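S.K.: Listed in order, the protein sequences are those of chains Z and B. The numbering of the first sequence is my numbering, which starts it at 1 and goes up by one. The numbering of the second sequence is my numbering, which starts it at 1001 and goes up by one.
Rather than coming from a laboratory, the hints here were simulated on the basis of the structure. Keep in mind the model is a prediction, meaning the values are calculated, not measured. Hints may be right or wrong, so weigh each one.
[What the hints assert, rightly or not] Simulated pairs of lysine-lysine, DSSO-like, Cα-Cα distance not exceeding 30 Å:
1) B:Lys-1041 x Z:Lys-64
2) B:Lys-1003 x B:Lys-1068
3) Z:Lys-41 x B:Lys-1041
4) B:Lys-1098 x B:Lys-1003
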Amino acid sequence: GAVVSQHPSRVICKSGTSVKIECRSLDFQATTMFWYRQFPKQSLMLMATSNEGSKATYEQGVEKDKFLINHASLTLSTLTVTSAHPEDSSFYICSAARGRNSPLHFGNGTRLTVT
Amino acid sequence: ELKVEQNPLFLSMQEGKNYTIYCNYSTTSDRLYWYRQDPGKSLESLFVLLSNGAVKQEGRLMASLDTKARLSTLHITAAVHDLSATYFCAVDPSNDYKLSFGAGTTVTVRA
Chain Z
1 GAVVSQHPSR VICKSGTSVK IECRSLDFQA TTMFWYRQFP KQSLMLMATS
51 NEGSKATYEQ GVEKDKFLIN HASLTLSTLT VTSAHPEDSS FYICSAARGR
101 NSPLHFGNGT RLTVT
Chain B
1001 ELKVEQNPLF LSMQEGKNYT IYCNYSTTSD RLYWYRQDPG KSLESLFVLL
1051 SNGAVKQEGR LMASLDTKAR LSTLHITAAV HDLSATYFCA VDPSNDYKLS
1101 FGAGTTVTVR A
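Generate the whole structure from the sequences, applying the supplied hints.
M.R.: Okay, structure coming up:
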C-alpha cells in the first residue's frame, strides 16, 4: 500500500491564486521530506527539502517566497504555490524515506494546471 | 555539476528478448536508485543499490552497480508488455536523499 500520501491529485487554479499541496507519511515519522517537480516528458528536479520544525532548504533557482513549505508535524509537509502562473503548471511530487537505507518513497503526485 | 546520463532514452523492445538500460553518473555516489513511472503516475521504487558490486533482482528486472565505473545497469529479461513504462535512475551522492535523476528511458514493449 501507499507509504506517502499526497493531496490533491489534481488541481486547476486561476493565475494569481495560491494552491496548497499536502504530503503525509502514512505509517512512519519523517523529519525530512522532499519536494520534486516534473514538467511534461521531463525528469524530476528537486525543489526543496522540508525539515520538521525548521525552515526548508531550497535548491538553486527555486524561489522560496513563491514555493512556501511548511513541515509542522512529523507526518505532514505542505507546499504552497503562491501567486501561481501558467508556467508553474507541472507535476509536483513529494517523497520521504522510512529510515537510513530505505528507498525514497514518492507520493502519488499533484498535477497543477494554472489557467 | 552532477550529471546523470541514461541511455537509451527510448527503447522499443520485442517481447521475449533481453535488453539493458545504462545509467552513468559523473560524481562519486554509493547509492543509486531505480524507479518506474507509468504515464500520469508517480514513481514506483524498483531497486536501491547501496554499495559497489550490488546486484538486485526482482522478476524480469535485475539492477547492478559499479561505483568505480560510476555505472549502473538495469537488465530486462524476456520483455513482456507489462514492462512498458519510463525507467529512471537516480543517484544520491551525499547520502541525504537529495536525488539527482537521469532523463529517463521510455520503454515500449511490442509483440
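S.K.: Take a quick look at whether Lys-1003 of chain B and Lys-1068 of chain B sit within 30 Å of each other, Cα to Cα.
M.R.: Holds. Lys-1003 of chain B to Lys-1068 of chain B sits at ~16 Å (cutoff 30 Å).
S.K.: Can you confirm whether the C-alpha distance between Lys-1041 of chain B and Lys-64 of chain Z stays at or below 30 Å?
M.R.: Satisfied, since the Cα-Cα distance of roughly 26 Å is no more than 30 Å.
S.K.: Has the given pair, Lys-1098 of chain B with Lys-1003 of chain B, been kept, meaning a C-alpha gap of at most 30 Å?
M.R.: holds (14 Å)
S.K.: Between the alpha carbons of Lys-41 of chain Z and Lys-1041 of chain B, is the straight-line distance 30 Å or under?
M.R.: holds (12 Å)
Hint compliance for this structure: every hint is met.
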